[in-house]
Amino acid sequence: MKKYINTGNKDTRSGFGAGLTELGQKNEKVVALCADLIGSLKMDDFKKNHPERFFQIGIAEANMIGIAAGLTIGGKIPFTGTFANFSTGRVYDQIRQSVAYSDKNVKICASHAGLTLGEDGATHQILEDIGLMKMLPGMTVINTCDYNQTKAATLAIADHHGPVYLRFGRPSVANFTPENGEFVIGKAVMLNEGTDVTIIATGHLVWEALLAAEKLEEKGISAEVINIHTIKPLDEEAILKSVAKTGCVVTAEEHNILGGLGESVARTLSLNNPVPQEYVAVQDSFGESGTPAQLMEKYQLNSQAIIAKAEKVINRK
Amino acid sequence: MKPNTQQLNDFSTQVRRDILRMVHAVNSGHPGGSLGCTEFFVALYQVLMDRKEGFDMDGKEEDLFFLSNGHISPVFYSVLARSGYFPVSELATFRLINSRLQGHPTTHEGLPGIRVASGSLGQGMSVAIGAALAKKLNNDSHLVYSLHGDGELQEGQNWEAMMYASAYKVDNYIATIDLNGKQIDGTTDEVLHMGDIKAKFVAFGWDVLEIKEGNNIEAIISGMTEAKAKTGKGKPVCVLLHTEMGNGVDFMMHTHAWHGKAPNDEQLEKALAQNLPTLGDY
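Here the protein sequences come in this chain order: A and B. Going by our numbering, the first sequence opens with residue -2, and the numbers climb by one from there. Going by our numbering, the second sequence opens with residue 564, and the numbers climb by one from there.
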C-alpha cells in the first residue's frame, strides 16, 4: 500500500487562514467577512494586512450573508467566516435567495463542522450542513481533509465563479496531502489503488480511511481509497471506475447518514452500477459534549468502523 | 433633459395601467403596493438616479437600486421596461411560464435591471449595504438606493442591517420605507404594532426624513433630493415615504384587500377608466 506521511498534526481551519492570507496578497478583489469569530476562523492575518477589505459584522450571520451577496455587485469576491452551524442552517434562506438563486460569487467558509468541534456540544455540532448546501442548485460543496488541502481549496475557490460552501474543522489532525498541491474542484483524489473494496471518504475521515486500508491490507484485503473533497459536483466517473473494479463501497463522513456524501454516492451507484454500499456516518442523531476522539469513537467515525464496514460490504458482494 | 411634472405624471398613469393589466392577465400578483409606489419608482428612474446606458451586473459608476419587498414586481418591471432596460412588450409575459418576469424579481433569467432576487422578505437592506461597501472600495461616489415595505420591517434581519449601517458609517446609501400601514392580514398596527418607526431608525443611528405625500411626484423629488444631500456625512439615510396602497384606483385605496389580489374584468375596466393611456399600452 502507498505510504502517507503525517508531517505533523494541524487544524484544517488554519489551512483556511493561511489560504486567505495568501489570497489577500495576490487578489485584491478578495474581501473577508466575519461574525465575531476572527480568532476561531484564523482570519486575524487577513484583517491585520487588509483592514479596508475586512468586515467585522458582529453576531448577525443573516446580515453577513446579505452583505456578502451585495459586495459581489461591484466585483468583489467575498469570503464569509463563521462556524458551520451558523454558516448554513441559521442562514439558509439568505443563502438560498440572496446567494444561490441570485448566483452570487460568495464563498461560505465554515469551520467547526461536525462532531469534532467537541465540548461545546450539539448546539454547535452541525451534522446536516452538507445536505443543506448540496440541495441548493448551483452550490459547490467542498469538505477538505487536512491543513494543506484546506489551504489549496481556499486558493482554488477564489478562481471559481459561483457560490461555494467550504467545510473544515477545529481539531488538529494528520497533515498528509502535498504542500502547495493542486486542488481541482470536482476531481476526486485517488489515494490508494485496491481491488476488493472502494473506500470513499471526505473531510476528517480521509486519514481514518488510510489507516483502515493499512489494517485491511494486513488482513489480506486490498482497499482502494478515494478522497472526495468535492461532494458537489461529485466525481462520478472516478467512483464508477473504481466500483467497476472492486464491486462494493464504504462511504465515510463526519455528517448525518441522511443527506451527506454517502447518499450522493448511493444515487450515483443506483443510476449506473448498483453494488453493495455501507455507510460510516452519524446515524440520524444530534451530537453531544466530549473530546473529539471520544465522540468519533462513540459515534463510530474512525478507522475501526471503516474496517468493520469494509468487511461487511465485501461479504455482501 | 429631465422630464417635467406633467410628463412624469403621464408616465405614472401609464405605469398604473401596466400594473393593472399585468396582474389582471394572470389573475395574480400584487397591485396594491405597486400602485402605491408608482410615483417613487418613476421619480427614481426618470429623475433621481444617475444611470448608465445598458445594464451590467457590477453597476460601477452609476447609482444602484434594490427592491427588497419583491412582491411589488409589477411596478418595478413596468418602470424598468419603460426606462429602457427591456422591451415594453415583454410586460405581457409577467408570471407566465418561461418568462424573465417571474412573480418576484430574480437575476436567474437574466432580466436587465435586476441585481438580486427578492421576495422572501427582509434581505434587501443587507444586500444594498454590501453593494454600498463595494462602491466605497471601488472609490465610486455613486449612491445605493433600496425600497422596503413597512410590514417587512417585522423581519429581524433588517435590524441587524440597520445596526451595521450606522456603526460602520455606510453613508452612501438611502433606504426608503414604504409606509402604507398595511400588510396581508390587516393594518401593520393590527398585525404587529411596530411603534414609532422613525424613532427606531433615529435610535439606530440613521439620518431620517419623511415624505408625507408619497404619491406626489414633486414632493418625492424634493424629499429625495434632500435625502441625497444628507449622504456622505457619516450616517446612512432613511426616507419614510407615506403612500396610499392602491393609489390611483378609488376602490383599491383605504383597504389592504388589494395587497395580493388581481381585479376581475369588470374591475379592470373601471380601474383603467380612471387611468387613461398616456404612452401607449404594451
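Honestly, the hints are just simulated from the structure, not real lab data. Keep in mind it's a predicted model, so treat the numbers as computed, not measured. Ideal placement from N, C-alpha and C gives every residue a C-beta, glycine not left out. Treat the hints with care, since some could be wrong.
[To be verified] Taking beta-carbon pairs under 10 Å as the criterion, some of the chain B residues facing chain A (in silico):
id	residue
1	ASP621
2	PHE629
3	LEU659
4	HIS671
5	ARG678
6	GLY682
7	ALA691
8	GLY693
9	ASN701
10	GLU723
11	MET726
12	LYS763
13	LEU772
Now the hints, each set against the structure:
| no. | hint | result |
| --- | --- | --- |
| 1 | ASP621 | 5 Å, holds |
| 2 | PHE629 | 8 Å, holds |
| 3 | LEU659 | 19 Å, violated |
| 4 | HIS671 | 6 Å, holds |
| 5 | ARG678 | 5 Å, holds |
| 6 | GLY682 | 7 Å, holds |
| 7 | ALA691 | 6 Å, holds |
| 8 | GLY693 | 2 Å, holds |
| 9 | ASN701 | 6 Å, holds |
| 10 | GLU723 | 4 Å, holds |
| 11 | MET726 | 7 Å, holds |
| 12 | LYS763 | 17 Å, violated |
| 13 | LEU772 | 24 Å, violated |
In this structure, the earlier hints numbered 3, 12, 13 are contradicted, and the remaining ones agree with it.
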